[in-house]
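Trainee: Sequence:
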Amino acid sequence: MDDLLLLREAIALIDDKKGEDVIVLDMRDTSMPVSYFLIASGDNPTHVQAIVNALLSALPLQAIHKEGAAERSWVLLDYGSLVIHIFQREMRQFYDLDSLWNDCMIDIKQSCYVVHQENSSM
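Heads up: the sequence shown begins at 1 in my numbering, then just goes up one per residue.
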């Protein structure tokens, strides 16, 4: 599956579950073995779990690796070229991946909504 299509589908699913502060980091020019990081926040453990469940059940690929599902404060879903981080707010502020990779941040949210709307009308 195309990296950007998977990324767009993941963003749409997070948005449907009211995930907040969604950002995308383009990691292709770094030494990381991943194309994109997708980072989002949930309000509490239940919200984080709802977002994660939506991603796991609706994305067309199986996650290669999952971490943090039991704690639900920071859940990592590894899809190979895309790694998704779903945080509770406090954990996101503590680890601050947003600032660590700030120079990799991209804005593709508008195009993601277009793809989601097209898929919803089918």
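Honestly, the hints are just simulated from the structure, not real lab data.
Check each hint, because a few of them may be wrong.
Beta-carbon label-pair distances, calculated as ranges [said to hold, decoys possible]: (1) Asp-78 <-> Asp-98: 15 to 21 Å; (2) Gly-80 <-> Asp-16: 28 to 34 Å; (3) Asp-96 <-> Glu-71: 26 to 32 Å; (4) Asp-96 <-> Leu-5: 26 to 32 Å; (5) Pro-33 <-> Tyr-95: 29 to 35 Å; (6) Leu-5 <-> Glu-90: 17 to 23 Å; (7) Ala-70 <-> Leu-5: 28 to 34 Å.
Even glycine gets a Cβ: it sits at the ideal position worked out from N, Cα and C.
Trainee: Compare the structure with each hint and give your call.
Mentor: Results of checking the hints against the structure:
1. Asp-78 <-> Asp-98: 15 to 21 Å: Given a distance of about 19 Å, which is inside 15 to 21 Å, the answer is holds.
2. Gly-80 <-> Asp-16: 28 to 34 Å: violated (23 Å)
3. Asp-96 <-> Glu-71: 26 to 32 Å: The hint (26 to 32 Å, Cβ to Cβ) is violated, given that Asp-96 and Glu-71 are roughly 18 Å apart.
4. Asp-96 <-> Leu-5: 26 to 32 Å: Holds - the Cβ-Cβ distance for Asp-96 and Leu-5, about 29 Å, lies within 26 to 32 Å.
5. Pro-33 <-> Tyr-95: 29 to 35 Å: violated (19 Å)
6. Leu-5 <-> Glu-90: 17 to 23 Å: 32 Å Cβ-Cβ, so the 17 to 23 Å window is violated.
7. Ala-70 <-> Leu-5: 28 to 34 Å: Holds: the Cβ-Cβ distance is about 30 Å, inside 28 to 34 Å.
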